[in-house]
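Since the structure of chain A is already known, use the hints to place chain B on it.
Protein chains in written order, with UniProt numbering: chain A, 1 to 478; chain B, 1 to 478.
Worth flagging that the hints you see were computed from the coordinates, not collected in a lab. Treat each hint with caution, since some may be false.
Copies of one chain are not kept apart here, so a pair can be met inside one copy or by any two copies together.
To be verified - Listed below are the simulated DSSO-like cross-link pairs for lysine-lysine, each with C-alpha atoms no more than 30 angstroms apart in a straight line:
| # | residue 1 | residue 2 |
| --- | --- | --- |
| 1 | K329 | K238 |
| 2 | K438 | K328 |
| 3 | K238 | K254 |
| 4 | K329 | K438 |
| 5 | K328 | K238 |
| 6 | K175 | K99 |
| 7 | K217 | K329 |
| 8 | K426 | K406 |
| 9 | K328 | K217 |
Protein chains: 2
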Amino acid sequence: MEREDEETGMIEKEEGGKKVWKDVVIGVLLLCTLSLGISTALLAAKAANKASSIGEFFCQISGTIPSTPAPAPSPPVISTELSKVVDETMSACSNQGYKYTGETNCTCMDCYTGARCQTFVGADKCSIDANGGSPYMFAEYWVRYPETEFQMKLSERLGYLPAGIRSRLEEGIRKLHKLAGNAVTDNMNIVFGDGSTPLLTLVSTILQSSTNSLPLKVWAQKPFYSGYSSLSYANLVKFVGDEENRTTAAADEKVVEYVTSPNNPDGEIRTGVLSHPLTVFDKAYSWPMYTFIDQPFNTSAHPLSLWTLSKVTGHASSRVGWALVGDKKLADAMQAMACPIGCPVESQLVAIRAIEHVLSTQGELMKWGRAKFTERWGRIGEVFRNVSCYKVRNPRAEGYDRYDQKVYKQTPPYLWMECLNLPDQKSCGDMLRSYGMKCRDGEYFGMPKSFARLSLYVASPVFNVLIQKLTNMFANTC
Amino acid sequence: MEREDEETGMIEKEEGGKKVWKDVVIGVLLLCTLSLGISTALLAAKAANKASSIGEFFCQISGTIPSTPAPAPSPPVISTELSKVVDETMSACSNQGYKYTGETNCTCMDCYTGARCQTFVGADKCSIDANGGSPYMFAEYWVRYPETEFQMKLSERLGYLPAGIRSRLEEGIRKLHKLAGNAVTDNMNIVFGDGSTPLLTLVSTILQSSTNSLPLKVWAQKPFYSGYSSLSYANLVKFVGDEENRTTAAADEKVVEYVTSPNNPDGEIRTGVLSHPLTVFDKAYSWPMYTFIDQPFNTSAHPLSLWTLSKVTGHASSRVGWALVGDKKLADAMQAMACPIGCPVESQLVAIRAIEHVLSTQGELMKWGRAKFTERWGRIGEVFRNVSCYKVRNPRAEGYDRYDQKVYKQTPPYLWMECLNLPDQKSCGDMLRSYGMKCRDGEYFGMPKSFARLSLYVASPVFNVLIQKLTNMFANTC
Chain A
1 MEREDEETGM IEKEEGGKKV WKDVVIGVLL LCTLSLGIST ALLAAKAANK
51 ASSIGEFFCQ ISGTIPSTPA PAPSPPVIST ELSKVVDETM SACSNQGYKY
101 TGETNCTCMD CYTGARCQTF VGADKCSIDA NGGSPYMFAE YWVRYPETEF
151 QMKLSERLGY LPAGIRSRLE EGIRKLHKLA GNAVTDNMNI VFGDGSTPLL
201 TLVSTILQSS TNSLPLKVWA QKPFYSGYSS LSYANLVKFV GDEENRTTAA
251 ADEKVVEYVT SPNNPDGEIR TGVLSHPLTV FDKAYSWPMY TFIDQPFNTS
301 AHPLSLWTLS KVTGHASSRV GWALVGDKKL ADAMQAMACP IGCPVESQLV
351 AIRAIEHVLS TQGELMKWGR AKFTERWGRI GEVFRNVSCY KVRNPRAEGY
401 DRYDQKVYKQ TPPYLWMECL NLPDQKSCGD MLRSYGMKCR DGEYFGMPKS
451 FARLSLYVAS PVFNVLIQKL TNMFANTC
Chain B
1 MEREDEETGM IEKEEGGKKV WKDVVIGVLL LCTLSLGIST ALLAAKAANK
51 ASSIGEFFCQ ISGTIPSTPA PAPSPPVIST ELSKVVDETM SACSNQGYKY
101 TGETNCTCMD CYTGARCQTF VGADKCSIDA NGGSPYMFAE YWVRYPETEF
151 QMKLSERLGY LPAGIRSRLE EGIRKLHKLA GNAVTDNMNI VFGDGSTPLL
201 TLVSTILQSS TNSLPLKVWA QKPFYSGYSS LSYANLVKFV GDEENRTTAA
251 ADEKVVEYVT SPNNPDGEIR TGVLSHPLTV FDKAYSWPMY TFIDQPFNTS
301 AHPLSLWTLS KVTGHASSRV GWALVGDKKL ADAMQAMACP IGCPVESQLV
351 AIRAIEHVLS TQGELMKWGR AKFTERWGRI GEVFRNVSCY KVRNPRAEGY
401 DRYDQKVYKQ TPPYLWMECL NLPDQKSCGD MLRSYGMKCR DGEYFGMPKS
451 FARLSLYVAS PVFNVLIQKL TNMFANTC
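So that you can see chain A by itself, here it is in the shape it has in the complex:
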């Protein structure tokens, strides 16, 4: 394809640590002030308990940053001066919605309404979407770092393969793996694709052509990632995780095993069970927010692993995925198929901004993510306590964590639950949906219908509703 020579050049370096910290402190203080201000305003609007607790919660979460007593509540006056420091995407919508660049209206979160999303409609009067894996909660982190914003000009970088972008992203990713301690990238080739899903399909296609068997059979242990069952590539690849058991799959050396570790939906740490020559590791969730990191992923032993920006920084819609590939020839073949003339420059620029921020703050995002998910799992533990008909089925292993240098108990991003004592014909998903919780049915993961997955990636106000809805359902049906 039309490959262009790269020019020389570099884009702006991230600001140094000191400046960032100063901005963070100012930003968080302002945001807390605003949150409290908005909360105060909402008190008058009869949404007092809800909004107030959200405002306080947000400030608690930011407690990992050097704190100063929050100023007394004041009206939400947003001056031009402040708007230079604060990202108002969420605060302009009472932190219960989003006001996107250039838009005049708020897009409210589930269960919130009003011009500024200031009104909670009531947990029993609305539905929440906890079906997909959209990492909405990360917006709460990024609004605190408005210095990561940048101007997108239509006159810039028009040529194919603009200079310095890919190499800078690659450098950032290698450093990110080192910071997280989750993979050794030395001697590994990095292949970029628009998300890890397309990389997965093309890996399968390449492997297919090397096995000379049509279609290529792909297998994963149950419960497997629901996406695999719809993975097909023009009849070249067939997922047989549902129809073949472990013994059958193990008997055919040509079957490729997909190992998702930590696993989706349950967070289980896996190493593969078929011991076949063709194994692909899906490492989307191997980050400190979700699990302990006891040792870096052994890329020499497993020279084909897939990673995605979506689950590290939350930028799912940017579609930035990468593979760590030991074999140079395979890496080249993959890159010739994925982004043959380079991946989109704009999403690479976003990825560079996000990753360099994580690096320059020594992983502040990961600490924030851990605190957030730990808090959420604490509340899930409370709501399931002494409940006999509904059970949490995430194994939630504990292990020594190199990142924090102490034992960490897994905090997976999905709640994988089982409904016991279900009425005939009813699935766990049906039960959850009847209480207004959109979820993913166990059958999509190769499991009985008594299982269901709920996303814990929802924004904080929506998570509060989720907890309330589970509480109500347990009280009424168990």
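Just chain B now, kept in the frame of chain A:
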């Protein structure tokens, strides 16, 4: 894969026509003032003729817009007030380089140097890159429309498939085809991919699986687009345009024909010669900048055509391509492989901005492109006039143009030339390179080495050098 429900919402509407026009007039006046100012400054820096002519040329090109006498030359003082209206990406670098957002240094064009790219190194002392198809010249258009810039926040649109984006882009593309008059999109499905090249490879893969022959044979008439010869998809697809002649290819009904029309490298208008059931149209260059549009492409008769943003608005690195597909099932199969969880949101936002600008200005960009390429072909005609050893081989057909409602002679974006009387063993490409013109050899297009392709997408200052170099080469060798 993880498909998410779309939320409701819309992003900002483009500004109305009136406001845009006002800004355009102000912007162009300011830019001409700056260009002239910079030219004046450069006079003192011994680069007088060159820079001055560029400044004037730029203002001439903008003559399609209501003009006012340009103010007298003045020093290049750029106040904060002006910087709000003018995009300084190029003007900050003497219009002979680019200063990207956040960067402190200029990236100079070929043959220009200095902190502000103010110095021309001399046509005989430098090389220019006219090999690839990077549409650099479009930057000269977009700097005139700073109102198309937008802020990219890391806190926005984190979820998969953000609401309203794909549908808005699709709507823009249908209107763009209508404005250009180059395709009927009624009853056609639009499939998005990251560029048209990946769409081409996946179409081939899908077609392959329907023919049940391995590998799928793909053929195109010579001269064919150089990218096709490297098109391969894990041994599933094989390009046979080089090794099979028309008769052999026609005899095998399973051979897929790629029809590039207007053709790359020469701009020829093609309709396909094999008359096989499987034909894919590559319509990258079917826009008013390059050719007359006598009638919209008949999508009912040819229900599989590929298009790309790169050659309409110049945003090659954004990787936005689309296919117009008649068959819904094929369209769905393609979309399940290309961007299975949506294409990158950032590049879609850029595409929306660019396309809605073209629509709201009634195709100003296309008029600008025609003027630009017409001027360039005029200069090429002059330099080749009465030259016996070098010939232009673009057919440059004339036809009635619905767009301008008069006859238009094609202005293709590549110069396809032949070198006659070459010394033994030497190729036309060798000859051009020996004079510092990087080009693409005829052999990549399935043609003898006496042919070569030069890109006319280079920026204006580089095009001036190209003309100078050709003039020198002709004078010395012919």
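Comparing the hints with the structure gives:
For a Cα distance limit of 30 angstroms, the shortest separation of K329 from K238 qualifies both inside one copy, at 24 angstroms, and across copies, at 19 angstroms. In this assembly of identical chains, K438 and K328 lie within 30 angstroms of each other by CA distance solely across copies; the values are 29 angstroms between and 43 angstroms within a copy. With identical chains, the CA atoms of K238 and K254 are at most 30 angstroms apart both within one copy (12 angstroms) and between copies (25 angstroms). For the homomeric pair K329 and K438, the shortest alpha-carbon distance between copies (29 angstroms) is at most 30 angstroms, but the shortest distance inside one copy (44 angstroms) is not.
In this assembly of identical chains, K328 and K238 lie within 30 angstroms of each other by CA distance both inside one copy and across copies; the values are 26 angstroms within and 22 angstroms between. Within a single copy, K175 and K99 get their C-alpha atoms only as close as 33 angstroms, which misses the 30 angstroms cut-off; across copies the closest is 27 angstroms, which meets it. When the C-alpha separation of K217 and K329 is checked against a cutoff of 30 angstroms, the pair qualifies both within a copy, at 22 angstroms, and between copies, at 24 angstroms. Taking CA atoms no more than 30 angstroms apart as the test, K426 paired with K406 passes in neither setting, with 43 angstroms inside one copy and 69 angstroms between copies.
Taking CA atoms no more than 30 angstroms apart as the test, K328 paired with K217 passes in both settings, with 24 angstroms inside one copy and 27 angstroms between copies.
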